[in-house]
Each structure stands twice: as C-alpha cells, then as structure tokens.
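Peer 1: Sequence:
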Amino acid sequence: MAKNNGATLGFEETLWQAADKMRGHMDPSEYKHVALGLIFLKYISDAFEERREAIRAEMPVALVNRTRPPD
1 MAKNNGATLG
11 FEETLWQAAD
21 KMRGHMDPSE
31 YKHVALGLIF
41 LKYISDAFEE
51 RREAIRAEMP
61 VALVNRTRPP
71 D
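The sequence shown begins at 1 in the numbering used here and counts up by one.
To be clear, the hints were calculated from the coordinates, so they are not data collected in a lab. We treat Cβ as the ideally placed atom computed from N, Cα and C, and that holds for glycine. Errors might be hidden in some of the hints.
[Unchecked claim] No more than 30 angstroms apart at the CA atoms, straight line, and that leaves these computed lysine-lysine pairs for DSSO-like:
no.	residue 1	residue 2
1	K32	K21
2	K32	K42
3	K21	K42
[Claimed, not checked] What follows is a set of in silico ranges between Cβ atoms, one per label pair, in the way DEER data are often shown:
no.	residue 1	residue 2	range
4	K21	V61	25 to 35 angstroms
5	M59	H33	11 to 21 angstroms
6	V61	S29	46 to 56 angstroms
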C-alpha cells in the first residue's frame, strides 16, 4: 500500500484494489498502462471541472443559467 502523505485524493484505495486484482492476471508491464491511463483520466476530469467552475465564475449569471443556445 502507498504511504499516506496527508494529500488524499479520494481514489487511491480503489486504484490499489484494482491494481491488486490485475497483478494476479497480468504482467506488470501490461497493467501499468491501465493504471496510468486511469490516473491520467482522473487528472483530466478534475482539471476540466476546475476550469469549468472558473469560467462559470467569470460569466454573467444570465449566461450561467441558460440551458440552451440562443436562437
């Protein structure tokens, strides 16, 4: 298990459990690509949400609440 450095991201335990399951069925050179891909997707998802919130904070309220594009 990884040591807790105080900066928990919330998905570490799930990632370790998935890696433990794959270890018995795959070569480490194969499952590392799966694990690194999942970490990258999590990073991109978090970065997208952070940027979306920053853009929404900059927009006027009327535009934030709009659900469809203007005609």
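Peer 1: Run every hint past the structure and note whether it holds.
Peer 2: Status of the hints after comparison with the structure:
{"no.": "1", "hint": "K32 to K21", "verdict": "13 angstroms, holds"}
{"no.": "2", "hint": "K32 to K42", "verdict": "15 angstroms, holds"}
{"no.": "3", "hint": "K21 to K42", "verdict": "20 angstroms, holds"}
{"no.": "4", "hint": "K21 to V61: 25 to 35 angstroms", "verdict": "47 angstroms, violated"}
{"no.": "5", "hint": "M59 to H33: 11 to 21 angstroms", "verdict": "38 angstroms, violated"}
{"no.": "6", "hint": "V61 to S29: 46 to 56 angstroms", "verdict": "52 angstroms, holds"}
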